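Order-wise, the sequence lines are chains U and D. According to my numbering, the first sequence is numbered sequentially starting from 1. According to my numbering, the second sequence is numbered sequentially starting from 1.
Derived from the structure by calculation, the hints contain no laboratory data. Computed from a predicted structure; not experimentally measured. Built from N, CA and C at the ideal position, the CB exists for glycine as well. It cannot be assumed that every hint is accurate.
So the derived list for chain D, only partly shown, Cβ under 7 Å to chain U, looks like this [claimed, not checked]:
no., residue
1, 164
2, 165
3, 168
4, 169
5, 182
6, 449
7, 450
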Amino acid sequence: MQKVNYDIVTSIIFIIISIITILETRGLSKISYIFPRTIGVIFLLLSFMYLILSIIKRDNKKLFGNIDKQKVLIMSIGMIGYFISISLFGFLIASILYIGLITWYLQKDQKEKSHKSKILRAVLCSIIVSVSFFILFQYVFLVPLPTGLLG
Amino acid sequence: MFEVFPDIISSLIEPINILLLCVGVLAGIIVGALPGLTATMALALLLPFTFAMEADSSLITMGGLYIGGIYGGCISAILINTPGTPSAIATTFDGYPLAKKGKASHALITASISSGIGGVIGGLTLLFLTPVLAGWALNFGPPEYFWVALLGLAMIATLSAGSMLKGLIGGCIGLLLGTIGISPVGGESRFTFGFPELQSGLELIGILIAFFCIPEVISMIGNKAKSQKSLNKEKGIVKNLFFYIIKKPIFIIRSSFIGIITGIIPGAGGNVAALLSYDAAVRFSKDKKSFGKGKIEGVMAAETSNNAEVGGSLVPLLSLGIPGAPPAAIILGALMMQGITPGPNLMAEQPSLVYTFLVSFVIANVVMMIFGLMGSRYIGKVLSLPVYYLAPSIMFLTIIGAYAIRNNLLDVAMLIGFGLLAYVLKNAGFDPAPIVLGLILGPIAERGLAQSILMGEASGGIFTLFFTRPISVVLIILCFLSILLPLLGTIFKSKDKTEKEEDKIEMEA
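Extracted from the complex, chain D is given alone in its bound form:
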């Protein structure tokens, strides 16, 4: 990192980058605060705007937006008991009761400080863990890439929202969509149905916007605005709460650790991180009963963890080239738009770009904390922005964004078609995340499989190549565990439920 230090500094002190970082964080907070508009959606909407930017500026803006978006979700969680983003679900447990007690300012300030601290810890982990993992991943050959892609997909399919079967089916749909176009190794055209535009495959950015934005915009028109809790201005609470929080280092480290690990695991997401951290906070507390009734520690646990998760979720993308979460998939799209392929070689080929992004990521967390402390009460006002302005304006942005990528109206038609399909599938219980990540991971898995087969045929042992290399064996075991463990969990849960129901019937009899 130290060799490229002058490049990092010169990039970070450029006025345009400072401005974009601040605008990204602020826009993220505003979008994240609006219920129905997730951080993923904000990133997907911003994507077309970044293609005119330099690579470093684009990544700095995207990083700021991602961080701001995840934090912004807590504002509506606290003020109207509706998480602005899924990551803020656990913030409602104690945040809203605090607001009902007239302590909305306490909850918002705690959320800002905890998010900032959690985010900085997550950012530092990203900064120091990425080069280590990328160095390790340089030993990967085609079979390992095949198994890593399958592991990512298995985890995303089993951990994402909804049933596991639907997650796996969604993953298959994504993998099949990823095979449209020229075969990566064989060079033959597949599933193009006579459209020459499909030879290069589906336009990834358009699909990202279609799957992550359109279902949400259509869904939001059915949402009703909730009444907002008022904010009382109090003096000196920032200082008091800051010292109250930093006097609990074990609590902060535990919540951050849960967030980072959850982030690194593909598919788990900020909502899982926040719920696990909240659960741990309750378990380790001496005063368990006060949770859920407006306890500061409840907000701290959720917010520290979900912002630490942001850093963790980018580790697999920057070190292996495998996006572990939907926002990471969009950052991958931004990199690809700049002609950069993420993966272990990125660290060696473009160290100044990667380190600039990582350092700016840590700084963005501090900026987010400052904006949160200064402006969350004002940002809360956007919650009253009517859906009748938002929905058509966002739809307009998705259309202009999809068109601008290749100046092709077919991309707009694909956006609308896939967007409507994604909406129907979402209502039928198929989460968009496994589909989109299947689309991204499919070509990685296929290239790994095809190259391994060719290597195996040349050396005379396909089985040995796939199943006996040490890293492959570990990845295969993890693949099986990622599918079997949730399956066993579901079986035991349903068995336990049946036994309880039987006991209840016996008691009633």
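Bound-form chain U, shown alone:
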């Protein structure tokens, strides 16, 4: 089975977005719709051009070709998890957990280091960074950082 080129997929998504944009401008007054609708039409035309060029010039480049996908995925999921844990446990605890876990995970290639030292580095890094910036923002910049639903 032939693989679908990511350029084709991207251009189709853009075409859909541009059509939604144009449709969303219905019901607005002329002065409010003229700019977004014009840009929407230009976006649609450029996306069509992108689709045609992607079909003509098919290349086999992969979207995340030379990237460590596992690390990128963990980092991305980690960010979403960080956001959820801020809402639940508050900023300080969530930050200590996030920095600690990601620092520990990213050391997985460091074969020469013992498991104990990796954990120690992760714990120290997470506590120092989180606590110092928490104090700076909470007590110096007077930003009320979230305490979380369970906090």
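Here the structure of chain U is known, so what remains is to put chain D in place on it, guided by the hints.
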């Protein structure tokens, strides 16, 4: 400038401002030296910290950080053959070969002196050109602002990294993101999808951090550390190199001029400036073959130009209110956080603030040169700072920064969402710069368009208003040229390539 001279002096001699200037330059050098962390990213990360500062302190720090960040890129370019920032790409051509020959100190000192001289020339141009351009821009009406915004966007889309089509699509995405919220003239709510928080539009600072920081942090976890060349301590080379450089005034002026002009053109950036200057240095040299093998002039050309570009890139922001480069977009964000709208009126309304920033900008270049001469060998040590500490810590800073702007968790969710989107788009070949600048320029262009339509309807001639005013005509021609010239260049290049390939096939046959 002379009327506000006492204000400038009193602001610049304040101990906190002196400290912030030095800290900004030093932090910029350190961040710039780390491959993967650009000057733009450093500025975006610093942005939330500046909201507690006075306007002058905030701008002084941002200016210092920008200058330091662009210079810092040369340290990793010389020591590990990896440009710390894209601006230092041309520094690797001769900087790394010099380091391989055991002359890393020569390369670093040359880079410091050249960057300092180029930066001061760029800063002086910024100081004297901004008031002239701002005065001229006071004649601009809504149609001119519409065309200026379109020109900026066209240039950014065509000159930024990647394909032109993708640049233009990126610009459209940015313009559409800029239309979210209340229409600037019509007053109607658009694309809010039921979220009242979106009525005021997307939070610019959060979007800046999302597009410029998150893709880079995610990308950096895949980078591998390279071995670093050792530094030999030699006596007297600073003096010798300083006199060697200043004895080449034409070389310095040419490189600085290329940098400044490239900086003023929206979208071109420090990497283009350094490459053009390097190319000019090779063309005008009698000893062309020695370039690329460790020639001092190669480092001089690249570093003078990329630091002169910094000053040039701020000219359109301070005179027209149009950011010409991603770092200028972040400085615009810093000004807006302080409740200041950049543009031609800024010079008339807040002359002491603008001149304080401009004078501090020149001083920051001298500070950068001193720090570079004294400490680049020590700053080079940070290159070994592991990614497993950096990546989560930077991500943490982006989150705390995005939250601190409005104390709103929705901004954090937007940061993560747009950051991941920016990462995917970047991998698909869509540079973040046109998207973000489209977001900033969109409301300027829309306001210009809507006001012009209303003016045209009142006077009975929309066409006359848009297409016959002299400044508008010049801007329209520049818009077309900025799109057509790169397009023609691509067509000729591909034609030339096809002809060469055909010749090769014929030869082989």
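These are the hints, each one checked on the structure:
Because the smallest distance between the Cβ of residue 164 of chain D and any Cβ of chain U comes to about 10 Å, over 7 Å, the interface hint for this residue is violated. Because the smallest distance between the Cβ of residue 165 of chain D and any Cβ of chain U comes to about 6 Å, under 7 Å, the interface hint for this residue holds. Interface hint at residue 168 of chain D: satisfied, since its Cβ lies 6 Å from the closest Cβ of chain U, which is below the 7 Å cut-off. Below 7 Å, beta-carbon pairs count as interface contacts, and residue 169 of chain D has one with chain U at about 5 Å; its hint therefore holds.
A distance limit of 7 Å between C-beta atoms decides the matter here; for residue 182 of chain D the minimum to chain U is near 9 Å, and the interface restraint is violated. Here the hint on residue 449 of chain D is kept, as its CB sits about 6 Å from the closest CB of chain U, short of 7 Å. With its C-beta approaching chain U no nearer than about 5 Å, residue 450 of chain D sits inside the 7 Å limit, and its interface hint holds.
Against the hints set out earlier in the document, violations occur for numbers 1 and 5.
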